[in-house]
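4 protein chains.
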Amino acid sequence: MKNTFGNNISITLFGESHGEAIGAILDGLPAGFEIDLDKLNWEMEKRKAKGKLSTRRHEADQVHFVSGFFEGKTTGTPLTILIENTNTRSQDYAQLKYRLRPGHADLAAFEKYNGYQDYRGGGHFSGRLTAPIVAAGAICRQILEAKGVNLATHIQSLHGISDDNFASNLDDLAKQMADLNQKEFPVLNMEASEKMVAEIEQASVNLDSVGGVLQTIVTGFPAGVGEPFFDSIESTISHLMFSIPAVKGISFGEGFGFANLYGSQANDPIIVQDGKIQTQTNRNGGINGGISNGMPIVFQTCIKPTPSIYQKQHSVNYQTKEEVILEIKGRHDPAIIHRARAVVDALCAFGLLDLWMSHQATTSFEA
Amino acid sequence: MKNTFGNNISITLFGESHGEAIGAILDGLPAGFEIDLDKLNWEMEKRKAKGKLSTRRHEADQVHFVSGFFEGKTTGTPLTILIENTNTRSQDYAQLKYRLRPGHADLAAFEKYNGYQDYRGGGHFSGRLTAPIVAAGAICRQILEAKGVNLATHIQSLHGISDDNFASNLDDLAKQMADLNQKEFPVLNMEASEKMVAEIEQASVNLDSVGGVLQTIVTGFPAGVGEPFFDSIESTISHLMFSIPAVKGISFGEGFGFANLYGSQANDPIIVQDGKIQTQTNRNGGINGGISNGMPIVFQTCIKPTPSIYQKQHSVNYQTKEEVILEIKGRHDPAIIHRARAVVDALCAFGLLDLWMSHQATTSFEA
Amino acid sequence: MKNTFGNNISITLFGESHGEAIGAILDGLPAGFEIDLDKLNWEMEKRKAKGKLSTRRHEADQVHFVSGFFEGKTTGTPLTILIENTNTRSQDYAQLKYRLRPGHADLAAFEKYNGYQDYRGGGHFSGRLTAPIVAAGAICRQILEAKGVNLATHIQSLHGISDDNFASNLDDLAKQMADLNQKEFPVLNMEASEKMVAEIEQASVNLDSVGGVLQTIVTGFPAGVGEPFFDSIESTISHLMFSIPAVKGISFGEGFGFANLYGSQANDPIIVQDGKIQTQTNRNGGINGGISNGMPIVFQTCIKPTPSIYQKQHSVNYQTKEEVILEIKGRHDPAIIHRARAVVDALCAFGLLDLWMSHQATTSFEA
Amino acid sequence: MKNTFGNNISITLFGESHGEAIGAILDGLPAGFEIDLDKLNWEMEKRKAKGKLSTRRHEADQVHFVSGFFEGKTTGTPLTILIENTNTRSQDYAQLKYRLRPGHADLAAFEKYNGYQDYRGGGHFSGRLTAPIVAAGAICRQILEAKGVNLATHIQSLHGISDDNFASNLDDLAKQMADLNQKEFPVLNMEASEKMVAEIEQASVNLDSVGGVLQTIVTGFPAGVGEPFFDSIESTISHLMFSIPAVKGISFGEGFGFANLYGSQANDPIIVQDGKIQTQTNRNGGINGGISNGMPIVFQTCIKPTPSIYQKQHSVNYQTKEEVILEIKGRHDPAIIHRARAVVDALCAFGLLDLWMSHQATTSFEA
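Sequence order for the protein chains is D, H, A and C. Everything in the first sequence is counted per my numbering, starting at 1 for the first residue and increasing by one. Everything in the second sequence is counted per my numbering, starting at 1001 for the first residue and increasing by one. Everything in the third sequence is counted per my numbering, starting at 2001 for the first residue and increasing by one. Everything in the fourth sequence is counted per my numbering, starting at 3001 for the first residue and increasing by one.
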């Protein structure tokens, strides 16, 4: 349904980069849930542009609830998130209407909307739309946390620089996750972190941009959630992740690494530990047959380099069909991967909560 | 909706490996479409187990239309595909009910269904369920082909052995695609093909299995189809691909390779060629902002090694919670990637047809 | 989604009157539910044509589970219901392809499917499609009954002949409901019942047909289920009821009688009885604001007279556009209202179970 | 999906009576459609409270587009409608939180939301939510009108006072419809109109309220749109109508009158007129088998008397479970049927547009 997704809980997204506001509606929330606004704002903070690593368009991104929130708690009716666009400089884009930006949706959008789209700053395609996603996901995340489910995301690699792996020991992992969730630049290894920052700064100096791979881990999620085919956990999570602008790949557990393994290596041996059936390794990323098996859920999301760069690029004027040399003005990010991490967390929380709700719907009626 | 997917055209899947039949319902087909049964059966043939590369469970996989098909044509009402299970040897699995097979859905299924699932041969989780998917997708594919849309998939890599790339020249590409679509083992380069076959045979000798990466290309698909967020082409295709058992990763265009590129390399320059605006390169795989840009759509799907292997494996008896050494009997595939290719083609055709239909729904009402 | 409906539990319908089989897929069932086949078959029996009141096309309507049913219980995966068409006399209809039957879907179907529809016996539009609906609903009904929810339907009126009202006293009501559920011709008052039967027989003698109004009551359904707007109980139930061929009206509680009441009469006073808040009267039929209030749910469904009658009728040949005098052969029902009652019960059970499941999905996450 | 409805075009509803704003998101609109704001505001005007017949809460109901509207035209991305609540007097309701108003959703809402709902003025259940529905539907209506589809609604009856019937002659009907669409109190017969107004005024004097039946007619809608079962026109329209607070019944064509007809009377004879196949009468209200047959679509919607009345009523305090005598303060309508007419028109336009879009999606792929 285009800008709406979800079964028992749903999100509907709206707005444009240079319109007056952007937002989202979260429907299907349990009533009486007390939203921790500080925690929500911290998620917003992680997504915010700031410092040298990001665009100089600094938006307050003040989350405002128009409905569904009463006396500090959810009402159970649609919760509407509204975020004003305050720092728009639309004149930067006026020259760009027909001048297609390579790597952006401009050409595709012209073909789809016949030129009626709001082209300013990418319009509805803008990464700004991820701000209400983060707010909505932050609420879902709090609901999951109240049930003992935690999640964290780090930059697994950025332009060839790799971070450490997550610990396999659950206690160490919990500590890593807590640390990550406090960081604005989410890297486990400090040295790797500094190298990545330097790489982004260098890209900025070069009027260029870089991408990378995010890795997300979820602990405490119950076994038996998800469906065999079209509502598999992988289907649901991937559907959501590819809704994020700039995501071009996703993999679960070993991911594309499976292509180089034998079955005898790829299968996670099953053991009993502390009286609980689990797997010895977790190459399948906590999911078999589309369903959670009780191990941590692990997936990787590839973020392509930001398409907006300051270098001159070859392009075309859509109206005149003449080739042009494009110099994008405006304010851009040499990397968005560290900001995208908040969006990945948000949609992961949303997707898992929805699947879990569906699970509850059915199991409530079991004998 | 669990086993149903799609908006304007939908597929509903049912059946178990050792039940009497499996099948699918395809709803929303245009009326009066003449199904080419030879072409449909050729798609079924590609998915079929045969020879040394596959399981010795050889099923006729005779596609039977129970409804929606009248006098050789679609009626426009639900088309029901039924495929009998003829060659079941359920006794092979009786010992397995509580003995969880590593890499399979067994543990997850027990957690989800409390032991009430049909465990024989994987039950509803079985790869056999992909047979009706192939039949349904073959019909969608014919509808697309009638509109000038073609698709083909090759094994891009198998356990370290790589195939050639698709040609960038459209004429050469068309020839490659036509050739691939005639092959049961879909590899462009003959030498690579032989090496891959040898690798699978060796894995079989070792009582082991291998996986790999499929790459799919679609030509002739119109620009402007897809949606900015939750109905992006990537979201739709990935949702469907992760419905296929054994898929653990998907990427579009350069995919995870984007992580090592600069923005200046990742952006496809825009040019005019033959009076048509297009991109010079196609690193974005024909999709920007979730919407087709008129270039070929390209994506990669990672297939993990078949989890059923003949080696002894460490496992657990779900009922007794005792550790066991498992030797899987039954009949298994040392590789399924060449058969999975027919399923990938089928779901790709289904997904693109559905998105295109949605596009038509809206644009029909434009001024 | 055309032939699929439902959120947490869904039904997908397929088949044609003179095809080899008709059926339905019920997805989202709890695993391990033991289906009482005798009770299911009794529901089928109520819908069956028999005696002088119905068509002489007598179908066995043997329900067969192709999937989702294992060792006497639901597996939790899609349950496929298949019912063979055994007693087809398609030659009766051959003359009818282009001769549009008044009151039937023939003209509309031609416009929709361009003549590719299976026209024999109404094809996919046939009342036969309600047989798998009854089977599917019977399972939902058993799940509801296991939770203390009961339902019953009587013929409130038939061509001017009225039945008694349901008792307002819950004990008397329970007895009425139990009695009704044992009757094939569901009328509370014996005298009214005999008059109605005589009326149908007279209509049959006149080569004509009659319709009427069914009234359904549901007890034990919990308060607080349903949604304020698009998933209101009324929206869901009416959506399902209008899926039944021949239904042309639905109303809840006082229904169209509200048009003649003052607000002071229409409002049900709220009282406390046996420590429970409830309403003194039940003019609103157990639903306020789309949500159950704990009182019995009551609604009326209007069934139009069977359109197939043996009288000569004015019509048109679709192909030649010439006016014709039509004499419908085949085997028809002078009334279907008593059989439709089983369909109404089935879809009512399905709809309420789905809404209740959605309720559980959300409330499971309340603090 | 709770507060979202539709397939190819969807509406999502949000807000509460005494929150800061209410609104709706309309997604799936064609791009480049020029919205006639005067016509849209005229629809808003019809729904507005004014004069002696309505509540003294007079809201500006100024429609504001937050997104999806650019340079006077739709962009094709989600169009967000926001309407501020300006004239709230929440203190009127403070005493009412636990004092359940008979005929309202109060009791049901407490059961559903555990007391966390915004209770002020009915919160999310308020009739105010129909204001954004009217705005959204007004846009759909303009799209239909541009394709030659017209609709109109009159008060067929109000507390026993009946209006004239619609003309069967299409020219006379067109004139009637045009006239109706210009009236704020939509009655064909002037004398009946005056009697109805007097009846409402008298109810107001009596501190009471009245309801009635609306009849809607749609001309110019193409034949062949709709689906045999769950997406029948009747299912879709009824689903939407029962989303309107106070609607308790709906019927199509002859509606409940069918219960007193013989089949020979109920069947519309088929004829050829002006070279077009149509029916001589239109007892089936333009729909057979769930699909439009090319005749005007006709349906009746029953609106119960406004539950808010100034008389003393028996009720209960939800918290204390003590019986109370309730005197509702606040500002209420002695009748809402004339205002509800704008909501019925709006949702009718929305539903028919969505069904037509789905039709186009499929038929675009017919040979």
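Honestly, the hints are just simulated from the structure, not real lab data. Certain hints may be false.
[Stated by the list, open to error] Simulated pairs of lysine-lysine, DSSO-like, Cα-Cα distance not exceeding 30 Å:
id, chain 1, residue 1, chain 2, residue 2
1, D, Lys276, D, Lys97
2, D, Lys329, C, Lys3276
3, D, Lys147, A, Lys2050
4, H, Lys1312, H, Lys1147
5, C, Lys3073, D, Lys321
6, A, Lys2097, A, Lys2073
7, A, Lys2276, A, Lys2050
8, C, Lys3276, A, Lys2321
9, A, Lys2050, D, Lys73
10, A, Lys2050, D, Lys276
11, C, Lys3073, D, Lys97
Against the structure, the hints:
{"no.": "1", "hint": "D/Lys276 with D/Lys97", "verdict": "violated (59 Å)"}
{"no.": "2", "hint": "D/Lys329 with C/Lys3276", "verdict": "violated (60 Å)"}
{"no.": "3", "hint": "D/Lys147 with A/Lys2050", "verdict": "violated (56 Å)"}
{"no.": "4", "hint": "H/Lys1312 with H/Lys1147", "verdict": "violated (51 Å)"}
{"no.": "5", "hint": "C/Lys3073 with D/Lys321", "verdict": "holds (24 Å)"}
{"no.": "6", "hint": "A/Lys2097 with A/Lys2073", "verdict": "violated (43 Å)"}
{"no.": "7", "hint": "A/Lys2276 with A/Lys2050", "verdict": "violated (45 Å)"}
{"no.": "8", "hint": "C/Lys3276 with A/Lys2321", "verdict": "holds (8 Å)"}
{"no.": "9", "hint": "A/Lys2050 with D/Lys73", "verdict": "violated (58 Å)"}
{"no.": "10", "hint": "A/Lys2050 with D/Lys276", "verdict": "violated (57 Å)"}
{"no.": "11", "hint": "C/Lys3073 with D/Lys97", "verdict": "holds (16 Å)"}
When the structure is compared with the earlier hints, violations turn up for hints 1, 2, 3, 4, 6, 7, 9, 10 and for no others.
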